[in-house]
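What follows is each chain in one-letter form.
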Amino acid sequence: MLQVNYIGAFCLIVLGMYCMIAKKNLMKTCIGMGMMDYGVNLLIVSVGFHDGGTAPIFVISELSRASFFVDPVPQALTLTSIVIGACTTAMALSLVIMAKKQYGTINTEQIRRLNG
Amino acid sequence: MTISMAHFPILAIMVLFLGAFLVALFGRKSEVLRNGISFLATGGAMAFMLALIKPVMIDGEVITYWLGNWAPVSGWAIGISIEVDALSLFFGLVITVAVFVSCIYAFTYMKEDDSLANYFTLFLMLSGSVLGLVLSGDLFNMFVMIEIMTFTAVALTAFRNNYEGAIEGAFKYLAVGALGSTAVLTGIAILYCQLHTLNLAQIAATLPQYADSPLTIMAFGLLFIGFGTKAFIFPFHPLAADAHAVAPASISLMISGVLTKCGVYGIIRLVYVLFQNVEVPAVQYLVVGFGTVSMFICVTMAFNQHNFKRLLAFHSISQVGYVIAAIGLGTALGLSSGLYHAMNHTLFKGLLFLTAGAVQHATGSLDLDRLGGLAKKMPKTCILFLIGAASISGLPPFNGFASKWYIYQAAFEKGSTSGNFFFIFVCVVALITSVLTLASFIKVAQSVFFGQLSPEFKDTKEVSLAMRIPMWILAVLCIFTGLLPGKVSEYLLTPATNAAMNAVNYIDQMMGQGYAVSHGVAGSLGDTAVTFAGVWDPVIWLLLLFCVTCAVAIVAILGSNRKLGTREAPAALQEPEKVAPAEAKYEPFFSGEESVYSQVGGSDLFWGFKHNLKKYFSFMHDWHSGIVNDYALYGVVAIAFVLVFCIAFV
Amino acid sequence: MTTFLINLVQLLIFPGLLFCVVFGVLLAGIDRKLVARMQRRVGPPILQPWYDFVKCCGKETIIPRYAKRAIFIGAPYVGLAGLIVIALFIPVSTYGSAFSAGADLVVILYLLTVAGVALIVGAATSGSPFAGVGLSREMVAMISYELPFVLVLLAVGRVAGTGTAIGCTFSLGTIAAFQAANGPLIAHWSLIPAAIAMLLVIPCEVGSHPFDIAEAETEICEGALTEYSGSPLGVFRLSHYIKMYIMTALFCAMFLGGITTGIAGVVGIVVDVIIFLVLCGVVSFLCMTIPHAICARLRVEQIFKFYWTIVAGLAAVSLIMVWVGL
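Residue numbers (the working numbering), protein chains in the order written: chain W, 1 to 116; chain D, 1 to 650; chain Z, 1 to 326.
Only chain W is shown next, with the shape it has when bound in the complex (with noise of 0.2 angstroms):
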């Protein structure tokens, strides 16, 4: 059941990277480093999961030692993961305004006057 998830999660990060090696449209490079970041959030979550766990949401009079839970720090790491991700692609899209503004063109082989 969970090996679907890791396949997942690696065939998104390497579609990822594929996007932002071979699309010469800075859009999707940019969709690229979303998939990558998606695809490690899947991966993250997944670790955590037991087997017939329940949310790991309790109210502390309830919680005792048979309390099967799945793990709940994967899930705060991969909330953390899904806020970067945001910011990074707020900040790539405002780039890639900017960039239409000045070069006229989203074209990665246009857009190349530092080279060398």
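If you are wondering where the hints come from, they were derived from the structure by calculation, not from laboratory data.
Every residue, glycine too, gets a C-beta built ideally from N, C-alpha and C.
Mixed in with the good hints there might be a few duds.
Some chain D residues close to chain Z (C-beta under 8 angstroms, calculated; not the full set) [to be verified]:
| no. | residue |
| --- | --- |
| 1 | Gly373 |
| 2 | Pro396 |
| 3 | Trp405 |
| 4 | Ile442 |
| 5 | Ile540 |
| 6 | Val548 |
| 7 | Val552 |
| 8 | Ala553 |
| 9 | His611 |
For lysine-lysine, the following DSBU-like pairs were computed, each having C-alpha atoms within a straight-line distance of at most 30 angstroms [unchecked claim]:
| no. | chain 1 | residue 1 | chain 2 | residue 2 |
| --- | --- | --- | --- | --- |
| 10 | W | Lys101 | W | Lys23 |
| 11 | D | Lys458 | D | Lys377 |
| 12 | D | Lys615 | Z | Lys305 |
| 13 | W | Lys100 | W | Lys28 |
| 14 | W | Lys101 | D | Lys111 |
| 15 | Z | Lys305 | D | Lys610 |
Here the structure of chain W is known, so what remains is to put chains D and Z in place on it, guided by the hints.
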């Protein structure tokens, strides 16, 4: 709540973030308030770090602090921790000094830009995140700090968005940097999957049981290349070149002096403390190999550059290559020489970037082919530049020489004791890179400061004292750390090296005595005693040089029988003869009195060297194509290579 | 007090200022005379370099309009001082070196660079385009000879350090002690390619024909020294002569140490020092006079290619042989 020494690290970080928040609230209204809050925040952080020198460096304590008082429960770390040992404090000191200097420089340098409240907010956030990274004792906290650091550095790189290429440089930095961040996060996820903890001390304690599992090795490879991206090692160096060239000079100082050191700090924690596998030969080859390749390729790339700051950026990565190669050697001398060079690099590279900023501020141009002869107009900046250039080229008695000398010894010794020719090759490459660095800075000196002044820059004035003071602070530190390598070694380097190589102490301080041994962690790595292959005493040499110079000067002055002075040319020669227009076309064939502007600089220099290596240079020029997809490809290939190497050989 | 006086004498007389000047001038003069004789000319008198220096000092110094006075005048003196300080660190046969605790081979390598940089900075500040081309060529020549020099240093350091705790050394004192105990290093046949490489490095370092591209009189009007006149020019010329002594002395200290008569006492030291100086003269003849008389000047890209392929190859062969343990 009493404030004790244990609170100083978290206070230092919080002061910076609080300063960022206050500048965002009040900075728009008043320039004085904005500058004042920034000055107090950066100064306060530096003061806290300086106050920690006595307990941590001299007395050998390790300051531990659990946020929210979430102490470990039955041997499991459940809170976020801050652990300041001598290694963290060493980097903390270097960082806070660089931040402080950058801040006071920016007060004058950025005066003509607008939205400065945004600048200082982002700057203080950058400083806070960097300090948080080196003082943190928790792996995911380090990741969050890396992200804040990357994010703010990208924003600040694009700050002057009317400059040509600023947006482009920032986007490339963000996009390819995202590869590195993904690698770090994936590494952390895999480590968590294996060990179920994020605390550095606990990871260091429990990792040895899993040392042979492929998952752990994969995590190591990913973390190494992730931190390496932040340090801009080999295939990630074009990002550095682009970002440094377009960022404002005070931010270039931060990127080259501070952000790269964070990547270096991450790698040191990784190989020395977390995984403790620096004695494995394959790991040494990996780390030293990346360092050596970065060293050599970047210094040769610098010969092709026309932009002052882009050239400085390539040299920056070359020097970081020195640091990483020295760290990878795995001996105590190697690590301390790497740390020494890291500190010196921040100082002299910062100084060089600030002088580049001064030149840009005064003339508006950074093009090596157009500048020239600025020594007459900006003499004090010229002296500061020469101090920085002498330091980076490794001329005695400046600090670059002292740390490079240690690195050569470390490499030569390692080669001798292990009998391995690879380290001798590294030593040779290091020595050659040093002379190529000297050549490059002679080129810059001739192209910018010496030679002939172009008519378009004849109105330049020297930059103001407020901009020169931070440069002098760095220059004085360069000279002192070069003249007193013994003292630097005793107070700063040896404690830091011992702290890094003694993982048991690190673990025990955090998690309680005996924790490390109970999990089977071995004693400290290798021998921390240091023996030198050579001798160098800068004070003796300086005294000798001074005495001989005096003697020579006395003899020369006594011997010359005419006073040295300038003399006005006779009146008849002062006015060049005016030539009738019909005969003007014959003028070039008669060398007349008119002086022609003929500056030999920039691309005209070092023809012999560039001619012989034509194929190499044209290949390199095409390889640094400027397209973000290509840089992403190089990054992905590097990640794949490191992973395959690690799984196959480590 | 007495050590201070002794150090002062060492600094100023032997092996410091006075001795370097006298012996450097002698070496340069003998070199010019021999080259002339080999080319079937009469040649100048042996003390001609000294007469040149004295005459230069009597001329007026003209400072170009673009130059910064302090750097322009100070550069040659700093270069000369740097070179003389190197001479204090080289062990002269059984007399030893004056301040061996101060510097080792890597430091000497860098101090030689400082002397070259003094010339380059002096040239840069003069503002002349000839000087710009000259300093560029001087820098390429420096890059060229550094690689073989470094390889030779590492090979010698490894062989001389076989007795020490770490198996290698950079210290000239240790090298001298090793040769005093085991005989000159040139007798180790694995170091002979390194010795040949070093002999080839010396003329490029000194800047003598056929590697004097930086001072090509026929092309760029003396290059770096175009705008110099008067006593600064004299001092630069003097540094050139002193470099001849320093490089040959370095070669003798590294490869020909331990050739002593074994007589004890002051007489023995004097005789050994004289033998050392004669060996310096022989080395100078081999590596500077003979190529000077025979060869034409090499272009700068030819120099670079020659040093980074052939000479570096020789030195690398030696290093590998030493490493493998031959």
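Hints versus structure:
Against a cut-off of 8 angstroms between C-beta atoms, the interface hint on Gly373 of chain D holds, since the closest Cβ of chain Z lies about 6 angstroms away. With 8 angstroms as the threshold, the beta carbon of Pro396 of chain D comes within range of chain Z, its nearest partner Cβ sitting at about 6 angstroms, so the hint holds. Using the Cβ-Cβ criterion of 8 angstroms, the hint placing Trp405 of chain D at the interface with chain Z is satisfied: the shortest such distance is roughly 6 angstroms. The criterion of a C-beta within 8 angstroms of any C-beta in chain Z is met by Ile442 of chain D, whose closest approach is roughly 5 angstroms, and the hint holds.
Hint status for Ile540 of chain D: holds, given a least beta-carbon distance of 4 angstroms to chain Z, under 8 angstroms. Given hint, Val548 of chain D at the interface with chain Z, holds; its Cβ is 4 angstroms from that chain's nearest Cβ, closer than 8 angstroms. A hinted interface residue such as Val552 of chain D counts as satisfied when its beta carbon comes closer than 8 angstroms to some beta carbon of chain Z; here the least separation is about 5 angstroms, so the hint holds. Annotation: Ala553 of chain D was flagged as interfacial toward chain Z, and the flag holds, the nearest CB pair being 6 angstroms apart, inside 8 angstroms.
Annotation: interface hint on His611 of chain D holds; nearest CB of chain Z at approximately 5 angstroms, less than 8 angstroms. With a C-alpha separation of about 21 angstroms, the suggested pair Lys101 of chain W and Lys23 of chain W falls inside the 30 angstroms cut-off, and the hint holds. The straight-line distance between the Cα atoms of Lys458 of chain D and Lys377 of chain D is roughly 8 angstroms, inside the 30 angstroms bound, and the hint therefore holds. With a CA separation close to 14 angstroms, the supplied pair Lys615 of chain D and Lys305 of chain Z stays within the 30 angstroms bound.
Under the criterion of a C-alpha separation no larger than 30 angstroms, the hint pairing Lys100 of chain W with Lys28 of chain W is consistent with the structure, at around 14 angstroms. Proximity of Lys101 of chain W to Lys111 of chain D is assessed by CA-CA distance (about 26 angstroms); at most 30 angstroms being required, the pair is judged to hold. Taking the CA atoms of Lys305 of chain Z and Lys610 of chain D, the gap is about 11 angstroms. The hint holds against a cut of 30 angstroms.
Of the numbered hints given earlier, the model fails none.
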